[in-house]
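There are 2 protein chains.
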Amino acid sequence: MSPDPDPFYRVHVFCCTNRRPENHARGSCAARGSVRLRDYMKARAKELALPGVRINSAGCLDRCEVGPTVVVYPAGIWYRMESTEDVDAILEGHIRDGRPVTALMLKNDAKDDAKDNAKANE
Amino acid sequence: MSPDPDPFYRVHVFCCTNRRPENHARGSCAARGSVRLRDYMKARAKELALPGVRINSAGCLDRCEVGPTVVVYPAGIWYRMESTEDVDAILEGHIRDGRPVTALMLKNDAKDDAKDNAKANE
Numbered sequence: 061m062s063p064d065p066d067p068f069y070r071v072h073v074f075c076c077t078n079r080r081p082e083n084h085a086r087g088s089c090a091a092r093g094s095v096r097l098r099d100y101m102k103a104r105a106k107e108l109a110l111p112g113v114r115i116n117s118a119g120c121l122d123r124c125e126v127g128p129t130v131v132v133y134p135a136g137i138w139y140r141m142e143s144t145e146d147v148d149a150i151l152e153g154h155i156r157d158g159r160p161v162t163a164l165m166l167k168n169d170a171k172d173d174a175k176d177n178a179k180a181n182e
Numbered sequence: 061m062s063p064d065p066d067p068f069y070r071v072h073v074f075c076c077t078n079r080r081p082e083n084h085a086r087g088s089c090a091a092r093g094s095v096r097l098r099d100y101m102k103a104r105a106k107e108l109a110l111p112g113v114r115i116n117s118a119g120c121l122d123r124c125e126v127g128p129t130v131v132v133y134p135a136g137i138w139y140r141m142e143s144t145e146d147v148d149a150i151l152e153g154h155i156r157d158g159r160p161v162t163a164l165m166l167k168n169d170a171k172d173d174a175k176d177n178a179k180a181n182e
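Chains A and B, in that order, are what the protein sequence lines are.
Sequential numbering of the first sequence, starting at 61, is according to my numbering.
Sequential numbering of the second sequence, starting at 61, is according to my numbering.
Honestly, the hints are just simulated from the structure, not real lab data.
It cannot be assumed that every hint is accurate.
Intra- or inter-copy, both count: the list cannot distinguish identical chains.
[Said to hold, decoys possible] Pairs of lysine to any residue, SDA-like flavour, derived with a Cα cap of 25 angstroms: (1) K106 x A85; (2) K167 x G136; (3) K106 x P134; (4) K106 x N168; (5) K167 x P111; (6) K167 x E107; (7) K106 x G87; (8) K167 x L108; (9) K106 x R80; (10) K106 x R86; (11) K167 x A103.
Take these sequences, add in the hints, and give me the full structure.
Following this line, the structure appears as C-alpha cells:
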C-alpha cells in the first residue's frame, strides 16, 4: 500500500447520532443524548477555532451499549461523552492540547461491547 | 501524545449522505446518489465478509462539489464514487486487497474544493 497522504482534516471526529426504538435491548446513542452533545461539540469547536478540525455526525458506530460514542480519526481513539463537560475535555484536552482524555476513552480491545465488529450494517 | 491504540475497526468507511436543497450552489452528495451507493456498499461489504470493516453514513463531509464522497480511516484516503462499479473497486481493490484505487482518489491537498476545512459545522 502506498504511504498515507497528508490528511484533509487534521482531526476528524464522528459522533454517533443513531436512534433505535425506545425499547431496544442495546439502547442507542441518540436515546442517551448524543444529538444534543453533537450540537454542543460542533458549536464549541467553532468557538475554539481549532485548525483543521471537523466534527461530523455518523450513523450507528455499533458500540451502542457504551454510548454516546465518538471516534477521533486518524488516531482512532474512541470516547464516551455523557455531558458538555466531557465534550469540553475532549475538545480542549485531546484536540487542542494533544492529550487524549484517558478517563473518557473506550478500550479498543473491548470487542465484547459490539455484537459483531466485522459486520457492515449501519 | 500516547501511542495510538490498535484500531477498533481495521477499516472504517464514512459515506456522506448529506442532502442540501435541490438548488443549492454546492450541490450535495445525496443529490448525486450517495444514499443508493452507501446502501450498495454496506450490502456488498457484508457479502464480501471483509474482516474488521465498518461502513457508516456520515453528515456533510464538506467536499460537496466533488461528491459523492467517502473517506476511509485510519488511512485518511478520500474517494469519489459515482457508480456501483466504483464501490466495488474501493471494496475489492483498496479494502480487500490493500491497493488504494488511484483513479477514484481525491487529492487531500486540494483544499480549494471545501469552503473552509477548519469549520466545525455539519
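ask   = Which hint numbers does the structure go against, in order from smallest to largest?
value = 6, 8 and 11
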